[in-house]
Amino acid sequence: MGLLTVLKKLKQKEKEIRLLILGLDNAGKTTILKRINGEDISSISPTLGFNIKTLAYNGYKLNIWDVGGQKSIRSYWRNYFEQTDGLVWVVDSADRPDRFADCKLELHGLLTEERLSGASLLIFANKQDLPGALSSEEIAELLDLKTIQTHHWQIVGCSAVTGENLLKGMDWVVTDISKRIYMLD
Amino acid sequence: MSRRAVVDVTPDAVLKFNKPTEKFLCPVSANTFIEFLEFRIRDVESNRAMFEVKRPSHEIDWNARDLSGSDELRKISYTFPAEFLSYKAIGTTLVFAVCPAGIKNFRMIERHYFKNRLIKSFDFTFGFCIPGSVNTWESVYTMPPLDSDQIQEMIDSPDQTMSDSFYFVDDELIMHNKASYRYST
Ligand SMILES: Nc1nc2c(ncn2[C@@H]2O[C@H](COP(=O)(O)OP(=O)(O)O)[C@@H](O)[C@H]2O)c(=O)[nH]1
Ligand SMILES: [Mg+2]
Chain A
1 MGLLTVLKKL KQKEKEIRLL ILGLDNAGKT TILKRINGED ISSISPTLGF
51 NIKTLAYNGY KLNIWDVGGQ KSIRSYWRNY FEQTDGLVWV VDSADRPDRF
101 ADCKLELHGL LTEERLSGAS LLIFANKQDL PGALSSEEIA ELLDLKTIQT
151 HHWQIVGCSA VTGENLLKGM DWVVTDISKR IYMLD
Chain B
1 MSRRAVVDVT PDAVLKFNKP TEKFLCPVSA NTFIEFLEFR IRDVESNRAM
51 FEVKRPSHEI DWNARDLSGS DELRKISYTF PAEFLSYKAI GTTLVFAVCP
101 AGIKNFRMIE RHYFKNRLIK SFDFTFGFCI PGSVNTWESV YTMPPLDSDQ
151 IQEMIDSPDQ TMSDSFYFVD DELIMHNKAS YRYST
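These protein sequence lines map, in sequence, to chains A and B.
Under full-length UniProt numbering, think of the first position of the first sequence as 1, with each following residue one higher.
Under full-length UniProt numbering, think of the first position of the second sequence as 1, with each following residue one higher.
No lab work stands behind these hints, which were simulated from the structure alone.
It cannot be assumed that every hint is accurate.
Here are some, though not all, of the chain B residues that point toward chain A, as calculated from beta-carbon distances under 8 Å [as the list claims (entries may be wrong)]:
no. : residue
1   : V44
2   : N47
3   : V98
4   : G127
5   : F128
6   : C129
7   : I130
8   : V134
9   : T136
10  : W137
11  : E138
12  : S139
13  : T142
14  : Q152
15  : M154
16  : N177
Heads up, simulated DSSO-like pairs for lysine-lysine below, C-alpha to C-alpha not over 30 Å straight-line [claimed, not checked]:
no. : chain 1 : residue 1 : chain 2 : residue 2
17  : A       : K104      : A       : K71
18  : A       : K71       : B       : K54
19  : B       : K120      : B       : K75
20  : B       : K120      : A       : K104
21  : B       : K88       : A       : K15
22  : A       : K179      : A       : K104
23  : A       : K34       : B       : K54
24  : B       : K16       : A       : K61
25  : B       : K178      : B       : K19
26  : A       : K61       : B       : K19
27  : B       : K75       : B       : K19
Glycine included, every Cβ here is placed at the ideal spot set by N, Cα and C.
If we strip away everything but chain A, and leave its shape as in the complex, we get (with noise of 0.2 Å):
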């Protein structure tokens, strides 16, 4: 028996996948989640720490971290990095142009953490449903996407109030990663 089977195997016992979700804070992180797991988005309010989600998904259990993305408490980010397989970004395609330098700022930021070196990255172009909303194209561009090469990456526009593209998001997310640990299966 190989290594990489005895690796399956301990994997296995309950296929776990650690995805966290960061953005500048309005983005939507929130809502997005509570959308997902079918509560109530009417009446939410800024995080000023972390909400997590355990949830089992596809046949997976997924735990979801969603952190606070205040500037007052980015630089906590970090301490929530170890084991994530997926980095879920999400941006609010109608912010003010002047955050999306911000918003690329700390994005390619992050990239280069090696704690995230592993992690499949998903962005999630937020607010599609607003009239004043940047198409994923264009927020490829200002997020200067396509100079990724050290992560897989997908964009996906999507609103969390109508719902529409979120479970595309995610599948694209979860299989890419499942690919990547359980390719034995």
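Go by the hints and put chain B with the ligands onto chain A.
Structure of chain B with the ligands alone, referenced to chain A:
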């Protein structure tokens, strides 16, 4: 009397327990780290709350907490309608405040028993908690399908479904709560 528990109550030790403990394994005063703000149990399919407790305010005065609580306050007795046993998925939400110093490594282990047999065990590592933060964790789990004989047996055995919840900070037990469950028709 020593503040320390008699046995060395490590996470590994707790994970070997196969029946409810007779006593609480740490004093109430061991918890200088967290304060529960809300606890909720919901039926996921209908998104209906089955049980809900909330503190009126999320503001905690960390210098004036009452740590003299009696053991009665660490025990809760739930009565659920019998339909509970046939729900497909249950979500339990815990909201808690963290002390101003923060926590390096926070972990919860919960052992559920029926008639002194282990039926379920949860082991969740929150890890780092931001100083002064408010955090939420919802765990959605699929209920094991029970046949009608099993359901009847559980209804006929009030308070024989029990759980012990253990909370650790840096592998040291800081809180131990107990619950018992009965199902009414
Ligand atoms: N129109 C619209 N508003 C959204 C969407 N997603 C989130 N919001 C709103 O944006 C605000 C911030 O959402 P929240 O989830 O708290 O953002 P977070 O700080 O990233 O967690 C809230 O008022 C949400 O109702 C969306 O897809 N469309
Ligand atoms: Mg939030």
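Hints, one by one, checked against the model:
no.	hint	in the structure
1	V44	7 Å, holds
2	N47	6 Å, holds
3	V98	7 Å, holds
4	G127	7 Å, holds
5	F128	4 Å, holds
6	C129	7 Å, holds
7	I130	5 Å, holds
8	V134	5 Å, holds
9	T136	5 Å, holds
10	W137	4 Å, holds
11	E138	5 Å, holds
12	S139	4 Å, holds
13	T142	6 Å, holds
14	Q152	27 Å, violated
15	M154	23 Å, violated
16	N177	19 Å, violated
17	A:K104 with A:K71	14 Å, holds
18	A:K71 with B:K54	29 Å, holds
19	B:K120 with B:K75	19 Å, holds
20	B:K120 with A:K104	44 Å, violated
21	B:K88 with A:K15	20 Å, holds
22	A:K179 with A:K104	28 Å, holds
23	A:K34 with B:K54	19 Å, holds
24	B:K16 with A:K61	23 Å, holds
25	B:K178 with B:K19	12 Å, holds
26	A:K61 with B:K19	26 Å, holds
27	B:K75 with B:K19	16 Å, holds
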